[in-house]
Amino acid sequence: MANANSGNMLSSILVIGGTGMVGQLLVMASIDAGHPTAVLVRPGTTSDAGKAKIMGDINDHKGLVAAIKQAEVEEVESQLKILVAIQEAGGVKQFVPSEYGCDVELAEHMLEPAKSILGAKVRVREAVRAAGIPHTIISSNWLQRFLLPRAGNPEANVFFVNEKDMAAVAMKAVEDPRTLNKILYLRPPENLCSLDKLFSLWRLKSAKPLRKHILVKKSS
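Residues in the sequence shown are numbered consecutively from 1, following UniProt numbering.
Only true hints are included.
BS3-like mimics (lysine-lysine), calculated; alpha carbons at most 25 Å apart, straight line: (1) K197 <-> K164; (2) K164 <-> K182; (3) K81 <-> K115; (4) K115 <-> K182; (5) K212 <-> K197; (6) K81 <-> K182; (7) K172 <-> K93; (8) K205 <-> K164; (9) K182 <-> K172; (10) K81 <-> K93; (11) K182 <-> K93; (12) K197 <-> K208; (13) K93 <-> K164.
Label pairs and their in silico Cβ distance ranges: (14) L204 <-> R129: 42 to 48 Å; (15) S206 <-> A156: 20 to 26 Å; (16) P177 <-> N153: 37 to 43 Å; (17) G34 <-> G132: 27 to 33 Å; (18) A207 <-> V122: 42 to 48 Å; (19) G91 <-> G119: 26 to 32 Å; (20) D196 <-> D176: 34 to 40 Å.
Note that these hints are calculated values from the structure, not bench results.
For every residue, glycine included, the Cβ atom is placed at its ideal position computed from N, Cα and C.
Based on the sequences and whatever the hints tell you, model everything.
Next up, the structure:
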């Protein structure tokens, strides 16, 4: 989340969930970009240099409101509690919900358990829009360090995006009014790659003879 800035100062950033894989990268990207940065953490969580630590919990409404009043924010259905706190705190310039993957409203054919997770994210989107909260949704497609997709077709292309790049773009979006109330898609053309191409790159860069096994679906 981001709170309104004054003059030419960069927006203040509050990261909720800043100790997770993506959260840590958002925190570092915020610090690197020069934003005053705070992280909402549970009591007992260690603090890193360069960021303020705000003790609290997402289930503590009063504490959440107080944290949001102090800063601006980036951070599945638990986010609905954040929306209520944003409305009460006021002054939030921009809310970036926790997504950073595929466009959940376009993933119609997803199977469980992913379907339920994405459904919760859709409900968060709907609640943000209904509340009129200024926001930016970031769709970074496939975060390449998280895991490798096993597509049925090895020639199917997908956009691979480094999480650090995604976090850096998220910080730029906070200061760019063109991103307000929009979905920001990260689709670097040079990052479009298939599993076949990725395998070839591994073989080229490792200079090792890698073996490829293709599994064919058995007929019933």
